[in-house]
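Trainee: The chain contents come next:
Protein chains: 2
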Amino acid sequence: MNQSPVSLSRSRTLIRALLFDTFGTVVDWRSGVARDAAPFLTRHGIAADPHEFADAWRARYQPAMEEVRSGARPFTRLDQLHRENLDAVLRDFGTDPGRLPGDSLDDLNRAWHRLDPWPDCLPGLARLRPRFIIAPLSNGNVALLVNMAKRAGLPWDAILGAEVSRAYKPQREAYTRTADVLELAPAECMMVAAHNSDLEAARKAGLATAFVPRPLEHGPNQASDLVAEEGWDVVAPDFTQLAERLGA
Amino acid sequence: MNQSPVSLSRSRTLIRALLFDTFGTVVDWRSGVARDAAPFLTRHGIAADPHEFADAWRARYQPAMEEVRSGARPFTRLDQLHRENLDAVLRDFGTDPGRLPGDSLDDLNRAWHRLDPWPDCLPGLARLRPRFIIAPLSNGNVALLVNMAKRAGLPWDAILGAEVSRAYKPQREAYTRTADVLELAPAECMMVAAHNSDLEAARKAGLATAFVPRPLEHGPNQASDLVAEEGWDVVAPDFTQLAERLGA
Numbered sequence: 000m001n002q003s004p005v006s007l008s009r010s011r012t013l014i015r016a017l018l019f020d021t022f023g024t025v026v027d028w029r030s031g032v033a034r035d036a037a038p039f040l041t042r043h044g045i046a047a048d049p050h051e052f053a054d055a056w057r058a059r060y061q062p063a064m065e066e067v068r069s070g071a072r073p074f075t076r077l078d079q080l081h082r083e084n085l086d087a088v089l090r091d092f093g094t095d096p097g098r099l100p101g102d103s104l105d106d107l108n109r110a111w112h113r114l115d116p117w118p119d120c121l122p123g124l125a126r127l128r129p130r131f132i133i134a135p136l137s138n139g140n141v142a143l144l145v146n147m148a149k150r151a152g153l154p155w156d157a158i159l160g161a162e163v164s165r166a167y168k169p170q171r172e173a174y175t176r177t178a179d180v181l182e183l184a185p186a187e188c189m190m191v192a193a194h195n196s197d198l199e200a201a202r203k204a205g206l207a208t209a210f211v212p213r214p215l216e217h218g219p220n221q222a223s224d225l226v227a228e229e230g231w232d233v234v235a236p237d238f239t240q241l242a243e244r245l246g247a
Numbered sequence: 000m001n002q003s004p005v006s007l008s009r010s011r012t013l014i015r016a017l018l019f020d021t022f023g024t025v026v027d028w029r030s031g032v033a034r035d036a037a038p039f040l041t042r043h044g045i046a047a048d049p050h051e052f053a054d055a056w057r058a059r060y061q062p063a064m065e066e067v068r069s070g071a072r073p074f075t076r077l078d079q080l081h082r083e084n085l086d087a088v089l090r091d092f093g094t095d096p097g098r099l100p101g102d103s104l105d106d107l108n109r110a111w112h113r114l115d116p117w118p119d120c121l122p123g124l125a126r127l128r129p130r131f132i133i134a135p136l137s138n139g140n141v142a143l144l145v146n147m148a149k150r151a152g153l154p155w156d157a158i159l160g161a162e163v164s165r166a167y168k169p170q171r172e173a174y175t176r177t178a179d180v181l182e183l184a185p186a187e188c189m190m191v192a193a194h195n196s197d198l199e200a201a202r203k204a205g206l207a208t209a210f211v212p213r214p215l216e217h218g219p220n221q222a223s224d225l226v227a228e229e230g231w232d233v234v235a236p237d238f239t240q241l242a243e244r245l246g247a
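For the protein sequence lines, the chains are A and B, in the order given. Last residue of the first sequence: 247 (numbering that gives the first Met the number 0), numbering continuous. Last residue of the second sequence: 247 (numbering that gives the first Met the number 0), numbering continuous.
Simulated from the structure, these hints should not be mistaken for laboratory data. Be aware that one or more of the hints could be misleading.
[Claimed, not checked] Under the rule of at most 30 Å between Cα atoms (straight-line distance), these lysine-lysine pairs were calculated in the DSSO-like manner:
#1 K203/A - K149/B
#2 K203/B - K149/A
#3 K149/A - K149/B
[Unchecked claim] To give an idea of the chain A side of the interface with chain B (calculated C-beta under 7 Å), a few residues:
#4 M64
#5 R176
#6 E182
Just so it is clear, the structure is predicted and the values come from calculations on it, not from any experiment. Backbone N, C-alpha and C fix where the C-beta goes; we use that ideal spot for every residue, glycine too.
So here's chain A without its partners, still in its complex pose (with noise of 0.2 Å):
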């Protein structure tokens, strides 16, 4: 395996894995989520523009994550929370999901499945694959990034994050654990994420830490996580200039 080592100068710590947050991080969710829910929208007559019912739905992610990881439920896959959100979302907009056919929903909750890939991501990940052990560490569960990954060519070594840790980031566990289970210190594994909260809790439990701005993640007016807010080992523009950083 070509899979020399990196040290980083700040910790002289050999970074043997990159774990990459997926949504917004690697895939464009939002732009992704609008383009099949503007033929679902309009088959169905429900007034609402397909950009702000992607926003309203992942709106609803980080409070159903809450409930497991306050034990308010046991773990849930995301798939699961994704298509409750997906029902609560129809009734915001004022249309009863009870009146809609359950194919035409579940296939909908599968937009999640088909995210396209921010245009770096693919050239990045050649480059650092042979370097590195490549995964996602995603509060997605496994069929969905598996199926995610078929279709958009993502070349990960495993398909690691909540379902396999049972935790949902930013918990803990879900970054420790994930190191665990491919046998290396935490120190060892690198968190590549778009998001300076994932990082913060990355870098709490031990692991090394790249931001990749996404300023397009949220839309053309994002506000948040435009730029790097503590001093990561790491920040990059795109994952070929990431590639380049890292030495590979």
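Based on the hints, put chain B in the right spot on chain A.
Mentor: Just chain B, lined up with the frame of chain A:
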């Protein structure tokens, strides 16, 4: 995703995922372990034939997992069981493992991460992957299977198996939980194995079955698993023929 379902004439079920036994079916564990044991045995002055050593180490595999299956000990990943078994087999060969350097033992234990695939595996998997989700359903742990895949170039879509399902084959849950994390029915999954017993358990759990004999897994005098002992859905002499039979 170019993943047209394939219907089996037997059941007309659409197969979406091929799940592969790994040790013996995908990789030649006996040759690989013997190759790495040879210099270890010489260096430490242990009089043992490397292939006999590999066989003796492997003979402790099922009994160690049985302790987990029976509930006598909690789920323990295979790397740990292999490491304990290494100490035991060294004692069987008259050597106190306590007198050997821990690094040297740990490195030999990772021989199981450095196994080579049978020659037909990479071309066969390359044909199968555009049409099916392909993943190991192995008793190996995630780190072992990730390291093996990166070194050997095995193009898995996911790393599944014991550590994800928290059950060791042939426990039913190893099969059913693996299908479940892929959000597939058991009948949408096909177990591919060189071992009749693995396929028997997979079939009982509702999976389709493909037998690919590996008549040299146990060396030139192998007496078991030379032929299909039940009417498996597919029988093929190697992975390229398996692809042919599945229309991939």
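Trainee: Keeping to a limit of 30 Å between CA atoms, is the pair of K149/A and K149/B held or broken?
Mentor: It holds: about 18 Å lies between the C-alpha atoms, which stays within 30 Å.
Trainee: Any CB of chain B closer than 7 Å to the CB of R176/A?
Mentor: Result: violated, 11 Å to nearest chain B Cβ.
Trainee: Quick check on M64/A please, does its C-beta sit within 7 Å of some C-beta on chain B?
Mentor: This interface hint is violated because 18 Å lies over the 7 Å limit.
Trainee: Does the structure keep K203/B and K149/A at a Cα separation of 30 Å or less?
Mentor: The given pair, whose Cα atoms are some 29 Å apart, holds under the 30 Å limit.
Trainee: Is it true that the CA of K203/A sits at most 30 Å from the CA of K149/B?
Mentor: Measuring from Cα to Cα gives roughly 29 Å; hence the hint holds.
Trainee: Min Cβ distance, E182/A to chain B: is it shorter than 7 Å?
Mentor: holds (4 Å)
Going through the hint list in order, the structure does not satisfy hints 4 and 5.
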